[in-house]
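Asks: The primary structure of each chain is shown beneath.
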Amino acid sequence: MTFEISLSSPATELYEAIRDLPIVSPHGHTDPAWFAENAAFTDPADLVIVPDHYVFRMLHSQGVALEDVGVGVPREARDPRAIWRLFAAHWHLFLGTPTRTWLEHMFRHGFGIEVALSTETADMVYDQIDAALERPEFRPRALFERFNLEVLATTDAATDLLEHHQTLQRGDWTGRVIPTFRPDAVLDPSDPRYVREIKRLEEVSNITISGFEDYLNALRARRGVFKGLGATATDHAIEELHTVWLDRPVAEELFGKARRGALEPQDAKALYGHMLIEMAEMSAEDGLVMQIHAGSRRNTNADLLESHGRDKGADMPVRTDWVRGLEPLLNRVGTNPNFRLIAFTLDESTYARELAPMAGHWPCLKIGPPWWFHDSLNGILRYFDQVVETAGYQNLAGFNDDTRAFMSIPARHDLWRRAVALHLAQQVERGLFGTGDAEILARDLAVDLARKAYRL
Amino acid sequence: MTFEISLSSPATELYEAIRDLPIVSPHGHTDPAWFAENAAFTDPADLVIVPDHYVFRMLHSQGVALEDVGVGVPREARDPRAIWRLFAAHWHLFLGTPTRTWLEHMFRHGFGIEVALSTETADMVYDQIDAALERPEFRPRALFERFNLEVLATTDAATDLLEHHQTLQRGDWTGRVIPTFRPDAVLDPSDPRYVREIKRLEEVSNITISGFEDYLNALRARRGVFKGLGATATDHAIEELHTVWLDRPVAEELFGKARRGALEPQDAKALYGHMLIEMAEMSAEDGLVMQIHAGSRRNTNADLLESHGRDKGADMPVRTDWVRGLEPLLNRVGTNPNFRLIAFTLDESTYARELAPMAGHWPCLKIGPPWWFHDSLNGILRYFDQVVETAGYQNLAGFNDDTRAFMSIPARHDLWRRAVALHLAQQVERGLFGTGDAEILARDLAVDLARKAYRL
Amino acid sequence: MTFEISLSSPATELYEAIRDLPIVSPHGHTDPAWFAENAAFTDPADLVIVPDHYVFRMLHSQGVALEDVGVGVPREARDPRAIWRLFAAHWHLFLGTPTRTWLEHMFRHGFGIEVALSTETADMVYDQIDAALERPEFRPRALFERFNLEVLATTDAATDLLEHHQTLQRGDWTGRVIPTFRPDAVLDPSDPRYVREIKRLEEVSNITISGFEDYLNALRARRGVFKGLGATATDHAIEELHTVWLDRPVAEELFGKARRGALEPQDAKALYGHMLIEMAEMSAEDGLVMQIHAGSRRNTNADLLESHGRDKGADMPVRTDWVRGLEPLLNRVGTNPNFRLIAFTLDESTYARELAPMAGHWPCLKIGPPWWFHDSLNGILRYFDQVVETAGYQNLAGFNDDTRAFMSIPARHDLWRRAVALHLAQQVERGLFGTGDAEILARDLAVDLARKAYRL
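Protein chains in written order, with the numbering used here: chain A, 32 to 487; chain B, 32 to 487; chain C, 32 to 487.
Hints in this document: simulated from the structure, not taken from any laboratory.
Incorrect hints may have been included.
Identical chains blur together in the list; that is why a pair holds if it fits in one copy or across any two.
Unchecked claim - Below are the SDA-like pairs computed for lysine to any residue, each with C-alpha atoms no more than 20 angstroms apart in a straight line:
#1 K300 to R355
#2 K230 to D191
#3 K483 to D317
#4 K230 to L192
Since the model is a prediction, treat every value here as computed from it, not as a measurement.
Take these sequences, add in the hints, and give me the full structure.
Replies: Take a look at the structure:
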């Protein structure tokens, strides 16, 4: 038996009215190759475990070696059934986590599996998923359609050639898969990839970068290419939020040092802080919505970074100062009616203290949905509890799933929609507004706010 | 149809026993001229929209120009009905906010309006309010009495001549309207008004300020005037809480520079930090209760500050360190039995971590009610959740409405009283204490703690 | 009539299945002399009021002089009945606090008292407790057995001779009372006791400390003695969490200065930060579980420290940065399978932001239960709300009571078990998992996770 979030009877009515609305997925990390090539997913372990840091970080925390669940192991060297069995034996670790809720939803609704996963049922569940993956209706494009995806955005490096997106644009499949411009590695001089990536930026933009203006033009050119392939947004990941406007000669000088890898940390921070404002100004020009994901300290486990690379579950949230961090940017671009900024935080203490008051003032600013560890039932309820009273609902950016796990998309949106229904039913019960308003807000939160915030 | 916070049946009983108690309003921002002159309020826009930053900041966040709702526009140049219609067309923005709850309460209980505000009903609601405002029972003094206000404190600059308060004292109206001593501009050398205000302090105190002792004496004299007009409290607004005791020669030197506008930022911070302790010592002498409102970063939108001035919705909360910030002050004055300090925070993470433990130790310290953005149903419930277990109830300062919107006072106290009833009913249901204790605590929270904390 | 936390009917079933399980108490501050000597407790004031900072800090906050409740007064100079009456007269201050819940549980279950404490009943309650304390079944060992204590850990300075623990080991009483190695005063050069304690460390370890290696060896020796007497853990109290690895010559040099009391604050911080990593490495060697209690600023009331000494209710929580603070330690020892670290925070904003993500990655790290001011009904519910979704349940360290008040141990574990039942019943109601899993988790949280985390 699998479980799903229970709803009271008024919440059920709100939920059922939005359950089957299309899925708008304006931010995530799926692989565009899946849709361009439309190849079958390999096996259950490859679908569920190996690429999903939510899953393998929990196993790792309980002493399971990452190699034993295939992480860092070439696909051909993995034993997917053994990986699956090990995972099933540790399934109890996920009690109370959204990962479990998502996976049970996927098992049930994606594959028709009703039994609970356990050591005893591991093989049976494996076989059922494995058999399904071979069928045409489990190919990426068929799933995209079955999931009722209206639009799906991927996240792509500024220097990515976007070949799969080009393939999709040239092809005749009508699914809307669009890129997102993610320039961290060409903006942040403290990123170890920076010097190499600036060179690559020259190549892919076909602009010789002799100075700072060329650099800006190369970035502008890349944004144009992304936009031409359907992008409506950019995305920025920042550990410690800092923006500052530098006079042009200073920016010029720092950039000159940066591209030679010769910048002091304090100057690197300044240049990055300046470039965020440049990006905001370009957003005001070209209309791409700017997303800022702040407060994740990346790769805190040095050994793991060396042995397995980035994104292996050792990124940790830290405190964020949105008010002072964004002030220079907002004072330069914040009242431009063409500028839009969506802010994501891992520091929930900023919901009520900073983001809600800021979004309740600045016309450009929308609050992104609960991010990463906070994309969970309680995380969502805390979010509504803390943002709505000051920001209202219309300053929110709806939901996005932010996932690498394609099959989990319906589950994540379903959890959000259930939580929305729970929240709104409680608002009605508390006497804040009536059922009619709740029904409108439910649709807003399920799809309309995301469409609007991302200009889709 | 308008809405109001629903109560369970045990909460209803607790609420009804406190609903009609007098209103004690020991901290707020109403205009004493209203009561001294007792003139009619001009029109609905002037009553509800133009002066209320809660209202116009939300409109601004959704792209409504402040001019279009009369902010920064001379009264004679405004079209109040057009402002009202624009407001009504955006009424859905306020769903889920306390502003909506307060206004619906005011519409219903203040003006007898039961229909929901909308584009369709905008004119009808406008006309109904407009007609009422012309009637004698809607003059400020009549409303004061109808609201059952036991006492109302205004907030007044240290250099304010308090003419309206003097008029009230000389007159025969018995309503108790008292001033509050707010000396920020004569204490904080980083305030742009400082140099001018020190000069003004000389004038209004009639004390030539040759040095630091004169400065203290002038402040003492002003406090005496306020006290003579009924004041029982002072109020201090501080972005980053910092207190430090300076030796007299240092304070003397810094003050000398400060009044010439020649102080470095670090020294300005030190002098302000010192002056807060001087204020605390004066409070221990003259018995005026010290209020500290910490953690609001003022005027973060520079363009708006230039075009429209202060208090236009761009003040943003920031993190606050109460433990280290108050330590020097508390170590100097904190055990003086005549000293009382009421602390207000915009950083809810300090409720359980700092303020409740501090108030549970220092005899002088009381925790003020949820402030500003947190004066809301969830904000109040989070407050009780996080402070009571460590501070108990008797270390709280009851409620104050902190409002500029006179007509919203009953609504704000009503929301507080409903939230108190909800909280206490839950405590009883959870088995923490019985109904008899809950009834006593309900009265404490509604009126008695505020009377006691403010020495009223 | 006394009160206790109410449970819904599904919660009651979960609670009843764990209510009578043995008590595992792996961290606390009871006095080992009680069990070694097994003398009767003196009187009710000495049992309940004088040693319990939770109790007397609240009285102090309302202006009761500590002397009047016996704090800082030699036992022979106290009037215990007068103290008790004063306490009873202030009993209403504790409404809503866990102190009241614990004491009412102790009155009822420990002493069979059903009447509510008040000025009227003060003498009766006093007499009933006083009479009980003279009976053999209220001696410490009898209570230990009646409380069904499986194990009780005390907390002991690194230089403590552990005479009482030795007496217990030599004796034939079978109660398991074990020490915990608490080396703050020999690790933190900014501790005023440091220089004296390093000398004492030489004496009690019988190792001449000529240099840094000797110092480490002396510490190793002491850990060995503790382990020989049953210790399974160490404990570290830190105001501002900071760890750093120093090269041996630097550590050598700083230690040389430190023991002469000649270290600059910045260097003291560095040396302490280094020593925490040395302790972690020793833990990986000898298997003692490392506990870190971070974020308490000690003795913030200077007058009180001078007049009454440490631990008198003026310790205040401050913000903590677990991610950056522990990073150097974890990068050095964090993947050693023999290393275990239990983290306790007073900064609840770190539950979801830092500790849960960290514990969901690092195999060594477990999250300790809600600590100190947060060991309360709401504190526990907030803890589950914020940690479980990311860390799961198996990365928690169960419960510990952390108390100086021996008689309150059953009450504290009972409150935890009720809160666990409330939490799990809600999880089941919300559809996260079924009753069978909830029953297993209830046992885990009541006893098994603590046994496992502390290697008991």
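Asks: Which hint numbers does the structure go against, in order from smallest to largest?
Replies: none
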